[in-house]
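> Using the sequences and the hints given, assemble the complete structure.
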Amino acid sequence: MKKEVILSGFGGQGVMSIGKNLVEAAVAEDLEASWVPSYGPEMRGGTANCTVIISDERIGAPLVERPSEIIAMNRAALAKFEGAVAAGGTVFVNSSIIPDKVSRTDVKAVYVPCDEIAAGLGNSKVANMVMLGAYIGATGALKQETIEAMIAEMFTGKKAKLVPLNLEALHKGMECGMPA
Amino acid sequence: MKREIWKGSEAIAEAAIRAGCRCFFGYPITPQNEIPEYMSLHMPQSGGVFVQAESELAAINMVYGAAASGVRAMTSSSSPGVSLKQEGISYMAACQLPAVVVNVMRGGPGLGSIQPAQGDYFQATRGGGNGDYRTVTLAPANIQEAVDLTQEAFDIADQYRNPVVLLADGLIGQMMEPIVWKERTPRQLPEKIWAASGRRGRDHTNFITSLLIDAPACEAHNLELAKKTAEMEKNECRWEEIMLDGAEVVIVAYGTPSRVAQTAAENLRKQGVKAGVFRPITLWPYPYARLKEIAALDTTRVFLDVEMSLGQMLDDVNLAVAERKPVRFYGRCGGSIPHVSEVEQAALEAWKEVK
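Residue numbers (the working numbering), protein chains in the order written: chain A, 1 to 180; chain B, 1001 to 1355.
Don't take each hint at face value.
To be verified - Derived CB-CB ranges, DEER-like: (1) B:R1187 x A:E175: 55 to 61 Å; (2) B:G1246 x A:M1: 25 to 31 Å; (3) B:G1065 x A:K2: 20 to 26 Å.
Unchecked claim - Restricting the straight-line Cα-Cα distance to at most 25 Å, the calculated cross-link-like pairs of lysine-lysine (DSS-like) are: (4) A:K20 x A:K125; (5) A:K101 x A:K143; (6) B:K1002 x A:K143; (7) B:K1002 x A:K20; (8) B:K1352 x A:K3; (9) B:K1274 x A:K2; (10) A:K2 x B:K1192; (11) A:K20 x B:K1182.
For the record, the hints were derived by calculation from the structure and aren't laboratory data. All figures in this text were calculated on a predicted structure; none of them were measured in a lab. Every residue, glycine too, gets a C-beta built ideally from N, C-alpha and C.
As structure tokens, this is what we get:
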């Protein structure tokens, strides 16, 4: 098993964070994992991205040319990375703010209205967790229980009240990702 | 053992603290700012000293002073900042002072770019500062190794009373991977009887200087240092061999490019091209002897040196291979990272050439 994912969006949309969540969950499942951020002379409001690799073998190159999946949280992300996805791969589109459709026919497209779902749950900040759910639902790369356990560990003490909200966001996302 | 997820730079900082480093002096520069940032919080909590110096020169000279007092001390920077530290490193080598200098390399020359590069190979492995000295140069290719080598670096520095360089590229500093904090057995190290840490009833004063103004004295001192150089060369060489069994194309690479090379070699093997990777872990001392053996194997047809610089380690590969087999080169520089497909292509071309 090897998953090579590029996650991209505006700074603040939580793409780096769900990238890290994927690594945490992979490590919990005794897999190998790596996370590489894009960094450079970045502009506020610019596009941030990271590359996550999950594998049951030692990871060589930590950057990828042909990711198995991309997660596009904004329009610029889709434009930048759609062409890179490996044939047969999957493109995850945050359809709340990306009006475009995936133009390629050799990849699978999963449209997730992340921001609408998050707003419906009463907290716009969980839009990224919706997308993480969609990714897990569509790829089955990691177990649902692992992500749930990770969410429970992420929010403790005063923040423990955020666990049910994040779990709900995860589950809503999974429904979007799972084949109908 | 529990696996924890760490970012390279922070992992290096924590590893240093766990290795007993109690003085850190630095000056900010991308892409290694997480090291001083981590140190600023955690070094005082560990009973140590953190100072954000006014410049790289000040930082390295604070390390010089701390090391002279017998404390485990470290500084970190990135390429142009490490250039500024060379005077201090030369002085510490001359004064036989142990210290660890971390260089998270970025694009050069000059101020260059802030993305990952390996253009400081010559500087790190050839001494960097003035005079006859060398520094053991450790080049991690993943975060676990960055942690292990950082801790080892302090022992090596103390054993030989010499500065040690941890040479990582920007990607190793910025990426996250799972690691385990291993129980390590520290080396048996000599007591620091030379330290200028107060006379405390000693019958003599420990005097530390690099100035030996008479030529015979200076030459004798250099010859003493050379004995240590020979010892380090004998004892400290490290490398890893990846898929070298029967390899016809041997890719030589360190740090991030060695990982790119590994994936390229895996892909080539799937296409029926026997490729493997020779990964130096110490860049000085360089694993010449082993590379020479590999060059002498009948199965070895060609070498491909891959770097994020324009042919610096290539000199060492050529010294080891010594025209036994052809050596080809592929490099990216200035902050660009070689793609797997590029390395694959270069290796394939080299292989076809000798087939």
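> Now, for every hint given, state plainly whether the structure supports it.
Consistency of the hints with the structure:
1. About 57 Å separates the C-beta atoms of R1187 (chain B) and E175 (chain A), a value consistent with the hinted range of 55 to 61 Å.
2. Take G1246 (chain B) and M1 (chain A): their Cβ atoms lie about 28 Å apart, and the range 25 to 31 Å holds.
3. Judged by the Cβ atoms, the range 20 to 26 Å given for G1065 (chain B) and K2 (chain A) is violated: they are separated by roughly 50 Å.
4. Restraint check for K20 (chain A) and K125 (chain A): satisfied, since their Cα atoms lie roughly 16 Å apart, inside the 25 Å limit.
5. For a cut-off of 25 Å, the pair hint linking K101 (chain A) to K143 (chain A) is broken: about 29 Å separates their Cα positions.
6. The suggested pairing of K1002 (chain B) with K143 (chain A) holds, with an alpha-carbon distance near 20 Å, which does not exceed 25 Å.
7. A distance of roughly 17 Å separates the Cα atoms of K1002 (chain B) and K20 (chain A); the hinted pair therefore holds under the 25 Å criterion.
8. Pair hint K1352 (chain B) plus K3 (chain A) does not hold up; C-alpha atoms about 32 Å apart against a cutoff of 25 Å.
9. Restraint check for K1274 (chain B) and K2 (chain A): the C-alpha separation of about 23 Å stays at or below 25 Å, so the hint holds.
10. For the hint linking K2 (chain A) to K1192 (chain B), the alpha-carbon distance of about 50 Å lies beyond 25 Å, and the restraint is violated.
11. As the CA atoms of K20 (chain A) and K1182 (chain B) are separated by approximately 23 Å, the hinted pair is consistent with the 25 Å bound.
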